[in-house]
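Once you've looked at the hints, dock chain W against the given chain V.
Number of protein chains: 2
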Amino acid sequence: MTRIEIPEAPDRAWCEAMDRADPLAPLRDRFDLPEGMIYLDGNSLGAMPKDASAKAQDVVTREWGTDLIKSWNSAGWFDLPVRLGDKLAPLIGAGAGEVIVCDSTSQNLFKVLSAAVAMRPDRNVLILEGSNFPTNNYIAEGVAAATGGRFSVRLCEKDEIAGAIDADTIAVAITHVHYKTGHVHDMAAITARAQAAGALAIWDLCHSAGAMPVDLNGCNADFAVGCTYKYLNGGPGSPAFLFVAKRHQGQAHQPVTGWWGHAAPFAFEPGYRPQTGLRQFLIGTQPILSMTLVETGLDIHLSADMAEIRSKSMALTDLFIRLVEQRCAGHGFTLASPRDAAARGSQVSFAHADGYPIMRALIAAGVIGDFRAPDTVRFGFAPLYVGYVDVWEAVERLAAIMNGGVWRQPEHQAREAVT
Amino acid sequence: MTRIEIPEAPDRAWCEAMDRADPLAPLRDRFDLPEGMIYLDGNSLGAMPKDASAKAQDVVTREWGTDLIKSWNSAGWFDLPVRLGDKLAPLIGAGAGEVIVCDSTSQNLFKVLSAAVAMRPDRNVLILEGSNFPTNNYIAEGVAAATGGRFSVRLCEKDEIAGAIDADTIAVAITHVHYKTGHVHDMAAITARAQAAGALAIWDLCHSAGAMPVDLNGCNADFAVGCTYKYLNGGPGSPAFLFVAKRHQGQAHQPVTGWWGHAAPFAFEPGYRPQTGLRQFLIGTQPILSMTLVETGLDIHLSADMAEIRSKSMALTDLFIRLVEQRCAGHGFTLASPRDAAARGSQVSFAHADGYPIMRALIAAGVIGDFRAPDTVRFGFAPLYVGYVDVWEAVERLAAIMNGGVWRQPEHQAREAVT
Numbered sequence: 001m002t003r004i005e006i007p008e009a010p011d012r013a014w015c016e017a018m019d020r021a022d023p024l025a026p027l028r029d030r031f032d033l034p035e036g037m038i039y040l041d042g043n044s045l046g047a048m049p050k051d052a053s054a055k056a057q058d059v060v061t062r063e064w065g066t067d068l069i070k071s072w073n074s075a076g077w078f079d080l081p082v083r084l085g086d087k088l089a090p091l092i093g094a095g096a097g098e099v100i101v102c103d104s105t106s107q108n109l110f111k112v113l114s115a116a117v118a119m120r121p122d123r124n125v126l127i128l129e130g131s132n133f134p135t136n137n138y139i140a141e142g143v144a145a146a147t148g149g150r151f152s153v154r155l156c157e158k159d160e161i162a163g164a165i166d167a168d169t170i171a172v173a174i175t176h177v178h179y180k181t182g183h184v185h186d187m188a189a190i191t192a193r194a195q196a197a198g199a200l201a202i203w204d205l206c207h208s209a210g211a212m213p214v215d216l217n218g219c220n221a222d223f224a225v226g227c228t229y230k231y232l233n234g235g236p237g238s239p240a241f242l243f244v245a246k247r248h249q250g251q252a253h254q255p256v257t258g259w260w261g262h263a264a265p266f267a268f269e270p271g272y273r274p275q276t277g278l279r280q281f282l283i284g285t286q287p288i289l290s291m292t293l294v295e296t297g298l299d300i301h302l303s304a305d306m307a308e309i310r311s312k313s314m315a316l317t318d319l320f321i322r323l324v325e326q327r328c329a330g331h332g333f334t335l336a337s338p339r340d341a342a343a344r345g346s347q348v349s350f351a352h353a354d355g356y357p358i359m360r361a362l363i364a365a366g367v368i369g370d371f372r373a374p375d376t377v378r379f380g381f382a383p384l385y386v387g388y389v390d391v392w393e394a395v396e397r398l399a400a401i402m403n404g405g406v407w408r409q410p411e412h413q414a415r416e417a418v419t
Numbered sequence: 001m002t003r004i005e006i007p008e009a010p011d012r013a014w015c016e017a018m019d020r021a022d023p024l025a026p027l028r029d030r031f032d033l034p035e036g037m038i039y040l041d042g043n044s045l046g047a048m049p050k051d052a053s054a055k056a057q058d059v060v061t062r063e064w065g066t067d068l069i070k071s072w073n074s075a076g077w078f079d080l081p082v083r084l085g086d087k088l089a090p091l092i093g094a095g096a097g098e099v100i101v102c103d104s105t106s107q108n109l110f111k112v113l114s115a116a117v118a119m120r121p122d123r124n125v126l127i128l129e130g131s132n133f134p135t136n137n138y139i140a141e142g143v144a145a146a147t148g149g150r151f152s153v154r155l156c157e158k159d160e161i162a163g164a165i166d167a168d169t170i171a172v173a174i175t176h177v178h179y180k181t182g183h184v185h186d187m188a189a190i191t192a193r194a195q196a197a198g199a200l201a202i203w204d205l206c207h208s209a210g211a212m213p214v215d216l217n218g219c220n221a222d223f224a225v226g227c228t229y230k231y232l233n234g235g236p237g238s239p240a241f242l243f244v245a246k247r248h249q250g251q252a253h254q255p256v257t258g259w260w261g262h263a264a265p266f267a268f269e270p271g272y273r274p275q276t277g278l279r280q281f282l283i284g285t286q287p288i289l290s291m292t293l294v295e296t297g298l299d300i301h302l303s304a305d306m307a308e309i310r311s312k313s314m315a316l317t318d319l320f321i322r323l324v325e326q327r328c329a330g331h332g333f334t335l336a337s338p339r340d341a342a343a344r345g346s347q348v349s350f351a352h353a354d355g356y357p358i359m360r361a362l363i364a365a366g367v368i369g370d371f372r373a374p375d376t377v378r379f380g381f382a383p384l385y386v387g388y389v390d391v392w393e394a395v396e397r398l399a400a401i402m403n404g405g406v407w408r409q410p411e412h413q414a415r416e417a418v419t
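Order-wise, the sequence lines are chains V and W.
Residue 381 in UniProt numbering is what sits at position 381 of the first sequence, and the numbering runs on without skipping anything.
Residue 343 in UniProt numbering is what sits at position 343 of the second sequence, and the numbering runs on without skipping anything.
By construction, these hints were calculated from the structure, which means they are not laboratory data.
It is possible that some hints are incorrect.
Note that the list lumps identical chains together, so a pair holds whenever it fits in one copy or between two copies.
Stated by the list, open to error - Derived BS3-like pairs: lysine-lysine, alpha-carbon spacing no greater than 25 Å straight-line:
1) K87 with K246
2) K158 with K70
3) K55 with K87
4) K70 with K87
5) K246 with K70
6) K50 with K70
7) K158 with K246
8) K180 with K70
9) K87 with K50
10) K158 with K180
11) K55 with K180
12) K55 with K70
13) K87 with K180
Pulled out of the complex, with its shape left as it was, chain V reads as follows:
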């Protein structure tokens, strides 16, 4: 992977030259984004592939409207979870038959945590990161409650995790890239540490899949989950994914035993008999329309080189940090992400006491990032459709807002629900 150096004082001309030389630049044309908008929120909801509209039309009018139930076979609806999983697998270092696309990330985490807990009956602690996106920790609490308190959930911060793993540990379940700060956990080291202690390693890839190289099998990960609507551009709430290492398939079982996870779903047998493979992690009928659009995003990613994606991602985030610190110096921003690009995902967060109105003013100026309470402004840089000039322009607009005090205007101060 090429490491792109950022000049001491980058200017617009340098950004323009970088865009011209960018090997990923042609892929920008495969997305539709509103004219003039700089979209730095692909880590919340990825941009729309141009093909999505025609695909949705085809699925609705032909697959559903014309072919109707025949499409379960003829359009391959039944096999979508597995077929899309196989397509996604190379992006996260998984093999064929190890990934399925289905349900939501929360549900998939419930399944893999339940499976892991059952695989370590003599252990009683599950380790998660305390400052993680809360749903992971809530789900872990729910699994613990459902087992009648057979185990407890221990919340650690980043640097405490390795030290917390011991002979009582069932599993560590960590989000690879932190949703708020963007810090990256060392998947290989934590997995090895967990397994050396006889524990399992479960990875949440919501903020890494599609944005950076992930090597689940290279790291010997046990389970993983993640979403497809952020950097994978699957559309709002598109089904999530789930990875079960080959060695666990047939051994690992999840408790929501629906008919899609049955060994013979169409035999309509009276008793449940689990599939021996990955499909035991399926439950019931999938939302086909949302599911089919996952493929349009995956197809773009599969035509890109992941090393180039990472290289550009590091450069864009380095550039953004440098420009904000230069051009908004003295305006109270404190970097809330790792300064070292290697320790950072594809996002940058700054803390600012007035983060909320600043983000509102920035959104009004056409630069879309998001705000995370209490004081974080967060910016995601999806290398497939964000360019160097976009970064330049985003900081131009931010600097204008700070210098002009625009964010102090009443319309930016008013609170509303923030997504």
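Same frame as chain V, but now just chain W:
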């Protein structure tokens, strides 16, 4: 409700006259079905509303493509489960704030069964119908296994259910209309019997919602689940629904404790604090595109009179039985559904030793029904888009197939996966 009498020997002219007089006939134009196809499988996957295509286009290109994350608020994505639930509620006799649209039927059943089991800690039997669509029984097994065998699942057939309820019963969880035979359970009587014994009554409405009047609150039901892609025309795999009676909200808790079920989902609190209302039964992000299309189907249903739907449904199924028994007499069909329309949902099944090739030949002739092993041919009659002449024409084609021995042709005998 008007009970429509079928003549002793119905002819095509009578069917044509009935179609002309049908108050629901104008609604047929709000669906797209392929020219010449007679679609009698709306109990598997409902037909496509004409509005679905434009709706999908708008959601993909404008709500996703242009408005991006803003749509979580501006397009009301966050509130879709509740808003669509409120829209669906009157179709099943529920009140506002008692129904949400989310996840799959299997998942929703897992949630309500888990909640019910926790509400009856001193009881140890859950009663289901043995011949029910198997996923319900599989899910019940899964809930039992997850609680370490705290309770057992007792499978009864239709007439044994009431007698099986006793002081050990946690709940009865019954599918209102049987997926295969179409028999209707007496919701009021079974609910009353269960509650008299201190048990809960849980109803699966997959084969009744949208096809016949359902009165959950009139029957004092405790919980219900159901799907939106059959008679409600929500599209392939569209999210299911879930009903929690007002009196149980805040008392009933489900174990998949994701962030959408948290009392303050955007406060990102470290610990789980359940919503006190219906939203505790939400888990995580919903498949928005599939979800939005549920509304196009609901809007058509809300413009129809449910008494007229039921009246026509009974007439269509009565007519179909009469015509098959007259025109295919001596060809080996045995009625596998209740003969009394009042005891039947909106479907008719016949048993036939050669049901599989017969259904294949019929499908090849443009009449779409389905086959359920080992010997059932099943026909659904969605009153919003199936007419009397459709029934006449379907039996014409069936009679031609039987009289001509068409189903004996090799191409109809070959087995393939049946959906």
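Each hint, compared with the structure:
In this homomeric assembly, K87 and K246 come within 25 Å of each other (Cα to Cα) only inside a single copy, at 16 Å, whereas the closest approach across copies is 44 Å. Taking the shortest alpha-carbon separations for K158 and K70, neither the intra-copy value of 50 Å nor the inter-copy value of 32 Å comes in at or below 25 Å. Taking the shortest Cα distances, K55 and K87 sit within 25 Å of each other inside one copy (17 Å), while across copies they are farther apart (28 Å). Proximity of K70 to K87 under the C-alpha cut-off of 25 Å is restricted to the intra-copy arrangement: shortest distance 24 Å within a copy versus 30 Å between copies.
In the homo-oligomer, the alpha carbons of K246 and K70 never lie at most 25 Å apart, since the shortest distance is 32 Å inside one protomer and 40 Å across protomers. Taking the shortest alpha-carbon separations for K50 and K70, only the inter-copy value of 19 Å comes in at or below 25 Å, while the best intra-copy value is 27 Å. Taking the shortest Cα distances, K158 and K246 never come within 25 Å of each other, neither inside one copy (28 Å) nor across copies (43 Å). In the homo-oligomer, the alpha carbons of K180 and K70 lie at most 25 Å apart only across protomers (19 Å), although the nearest pairing inside one protomer, at 44 Å, exceeds that limit.
In this assembly of identical chains, K87 and K50 lie within 25 Å of each other by CA distance solely inside one copy; the values are 19 Å within and 32 Å between copies. Taking the closest pair of Cα atoms, K158 and K180 come within 25 Å of each other only inside a single copy of the chain (13 Å); across copies the shortest separation is 54 Å, beyond that limit. In the homo-oligomer, the alpha carbons of K55 and K180 never lie at most 25 Å apart, since the shortest distance is 33 Å inside one protomer and 34 Å across protomers. Taking the shortest Cα distances, K55 and K70 sit within 25 Å of each other both inside one copy (18 Å) and across copies (23 Å).
Neither within a single protomer nor between protomers do K87 and K180 lie at most 25 Å apart by alpha-carbon distance, with minima of 28 Å and 36 Å respectively.
Hint compliance for this structure: hints 2, 5, 7, 11 and 13 are broken, all remaining hints hold.
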